[in-house]
Amino acid sequence: MKLDLLTSLYVFMLAGFIGFEVIRRVSPLLHTPLMSLTNALDAIAVVGAIILAGEHKTNFSTILGTIAIVAATSNIVGGFLITDRMLKMFKVSGPKKS
Amino acid sequence: MMSEFASTQLIEVTYLIATALFILSLKWMSSPATARRGVWAGELGMLLAVAGTLLHHGIVDYKWLAAALVLGTIIGVPLGKVAMTAVPQRTALSHAFGALCVTLVGTAEFYLRAPSVPPFMMAVLGMEVILGSLTFTGSLMAAGKLQEVLPQRPITYKGQNVVNLAVLAIAVIVAAILVLHPERVYLYPLIVILPLIFGVLMIIPIGGADMPTVISLLNSYAGLSAAAMGFVLDNKLLIIAGALDGASGFILSVNMSKAMNRSFSNVLFGAFGQDQASAAGGAETRPVRSASAEEAASILGAANKVVIVPGYGMAVSQAQHKVRELYDVLTKRGVDVRFGIHPVAGRMPGHMNVLLAEADIPYDKLMEMDDANGDFAQTDVALVIGANDVTNPAARTDASSPIYGMPILDVDKARTVMVIKRGMSAGFAGIDNPLYYSDKTLMLFGDAKSFVGSIVRELSGGAGH
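Line by line, the protein sequences give chains A and B.
The numbering of the first sequence is the numbering used here, which starts it at 1 and goes up by one.
The numbering of the second sequence is the numbering used here, which starts it at 1001 and goes up by one.
Quick caveat, the hints were computed from the structure, so don't treat them as lab data.
On a predicted model such as this, the values are computed, not experimentally measured, just so you know.
Heads up, a few of these hints could be off.
[Claimed, not checked] Footprint (simulated), chain B over chain A, 3 or more residues, beta carbon under 8 Å:
id	segment
1	14 to 25
2	28 to 39
3	50 to 57
4	60 to 74
5	78 to 91
[What the hints assert, rightly or not] Straight-line C-alpha distance at most 27 Å; calculated DSSO-like pairs for lysine-lysine:
id	chain 1	residue 1	chain 2	residue 2
6	B	LYS1305	B	LYS1332
7	B	LYS1305	B	LYS1413
8	B	LYS1413	B	LYS1332
9	B	LYS1413	B	LYS1365
10	A	LYS88	B	LYS1081
11	B	LYS1413	B	LYS1440
12	B	LYS1081	A	LYS91
13	B	LYS1365	A	LYS91
14	B	LYS1332	A	LYS91
15	B	LYS1027	B	LYS1365
16	B	LYS1305	A	LYS91
17	B	LYS1365	B	LYS1332
18	B	LYS1332	A	LYS88
19	A	LYS88	B	LYS1365
20	B	LYS1258	B	LYS1027
21	B	LYS1305	B	LYS1440
22	B	LYS1440	B	LYS1365
23	A	LYS88	B	LYS1027
24	B	LYS1027	B	LYS1081
25	B	LYS1063	A	LYS57
26	A	LYS91	B	LYS1027
27	B	LYS1413	B	LYS1258
28	B	LYS1365	B	LYS1258
29	B	LYS1365	B	LYS1305
Built from N, CA and C at the ideal position, the CB exists for glycine as well.
Using the sequences and the hints, build the whole thing.
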């Protein structure tokens, strides 16, 4: 596999800037769901684990890859579930008459 | 079956779309009105990327993949359904899982390529594995402290920083040796084991009040280790997702450190060197004014404007639903009730907001620190529920106080201050709070949930007659 170092560094840098600008705008109100959401998105590492386990190059790599898939998948499922549960709870006082 | 070229192209396209969806997902998190759409975008992106990856031409065996995906889902569902009060430890646990995935993949990649690992790849792989391992044990320790299966008090000893940093430094040096001599495969276990030890050591001196900073920091480490994994696998989607997560954790860490008046290097090194124990000092027996639920109720009922300041104590006693009842009964009487929320109240960023939202309190009644501080001068009653250090006026006035300079909620500017507290013990940081001895302060001693419940009973009983 060719390691295109410079392109990767560009991508990392630009993504860092985008992340900084986008996340700066997130209201402190939502910082807990933000953290569980980024956690779920971060579990995209599962794609690396899937290829590792699926290619079955050695038993060792398949076992580690399989455990890694379990760990990442639980983050994906749990992370999205709890983020949505939290966000459902945030309501304004307007529509609901007291 | 698709040709190898076509499947690679297809995977790249799904990754491209997933990247766009991930960025939109975070963008939509900026407001509660669009945030749920953000979750859907994230889910769609994830689904596309995983489905695309399953088409990868090199995959020869789907049986284990399917089993692992199902098992992960079985573990993930209950983790997505924990009680809202358990969200901080759940978050710490998910950082640990993310870091575990990254460390395992990094380790497998090393042994697949060893002994001929190109220097750059070895460097990022070293970073991936070091960050991943220390985040794994660090997050497990944090989750254990938050779940109270481990002692929550910070444990400190002489030379702690030197020992900790030495362990990490050796790991980095070993990684550097591996970059120059990747054929020394036997050294590899050290760059996993030493950071695992460092992760434990790093969290030992951390107390509960430091948790919001530490969780944010671990979040950032988890993201950066995933980005490093993206470099190793030459996977742009992973680099981007890791960079976004790293940036998010970084911003939250900086916010938290500002809210605690900590220097940035202090945050980067995991909040070392807090000599909190020394601040405890001798217990004072200065007089305080205490009041009953009945008296508190009559003062609250007569007020025009009340600001409630919640803290970790509210979470511990699960008082948020009783607080909602108090909010209802006061609002019905025409009292303007709002909430003043300190950024580090609770055990993770935004902890209080989630608990109050769970209790159905409208989020437009939740004020950030600066807005709340503009309001206290016109506030009749500031009701502090289970918060301590974030209301301590010594942070403004007493240069010798360990929390001097930390931005606080100026509850002492309100006409009357009421503090619900179990007893006179000092807060987590072990710092005495002069607020309690002020003559405009009434101490309401008791469990937050039952005390707020009694106030509600008094108020709703009184309304009928």
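The hints, checked one at a time:
1. 14 to 25: With 9 residues closer than 8 Å to chain B, the segment 14 to 25 of chain A meets the three-residue bar; holds.
2. 28 to 39: With 12 residues closer than 8 Å to chain B, the segment 28 to 39 of chain A meets the three-residue bar; holds.
3. 50 to 57: With 8 residues close enough to chain B, the hint holds.
4. 60 to 74: That given contact holds, which follows from 14 residues of the segment 60 to 74 of chain A lying within Cβ reach (below 8 Å) of chain B.
5. 78 to 91: Contact hint for the segment 78 to 91 of chain A vs chain B: holds, 14 residues under 8 Å.
6. B:LYS1305 with B:LYS1332: holds, 13 Å
7. B:LYS1305 with B:LYS1413: Distance ~13 Å between LYS1305 (chain B) and LYS1413 (chain B) Cα, so the pair holds.
8. B:LYS1413 with B:LYS1332: Cα-Cα ~26 Å, so holds.
9. B:LYS1413 with B:LYS1365: holds, 20 Å
10. A:LYS88 with B:LYS1081: Between LYS88 (chain A) and LYS1081 (chain B) the Cα gap is close to 13 Å, so the pair holds against 27 Å.
11. B:LYS1413 with B:LYS1440: holds, 10 Å
12. B:LYS1081 with A:LYS91: Status holds; Cα separation ~20 Å.
13. B:LYS1365 with A:LYS91: Between LYS1365 (chain B) and LYS91 (chain A) the Cα gap is close to 10 Å, so the pair holds against 27 Å.
14. B:LYS1332 with A:LYS91: holds, 19 Å
15. B:LYS1027 with B:LYS1365: holds, 24 Å
16. B:LYS1305 with A:LYS91: Distance of about 22 Å is within 27 Å: holds.
17. B:LYS1365 with B:LYS1332: The hint holds at about 15 Å.
18. B:LYS1332 with A:LYS88: holds, 25 Å
19. A:LYS88 with B:LYS1365: holds, 17 Å
20. B:LYS1258 with B:LYS1027: Measuring from Cα to Cα gives roughly 24 Å; hence the hint holds.
21. B:LYS1305 with B:LYS1440: Judged against 27 Å, a Cα distance of about 16 Å means the pair holds.
22. B:LYS1440 with B:LYS1365: holds, 25 Å
23. A:LYS88 with B:LYS1027: Holds, at about 18 Å.
24. B:LYS1027 with B:LYS1081: holds, 25 Å
25. B:LYS1063 with A:LYS57: The given pair, whose Cα atoms are some 15 Å apart, holds under the 27 Å limit.
26. A:LYS91 with B:LYS1027: holds, 19 Å
27. B:LYS1413 with B:LYS1258: OK: LYS1413 (chain B) and LYS1258 (chain B) at ~22 Å, within 27 Å.
28. B:LYS1365 with B:LYS1258: holds, 24 Å
29. B:LYS1365 with B:LYS1305: Roughly 12 Å separates the two Cα atoms, so the pair holds.
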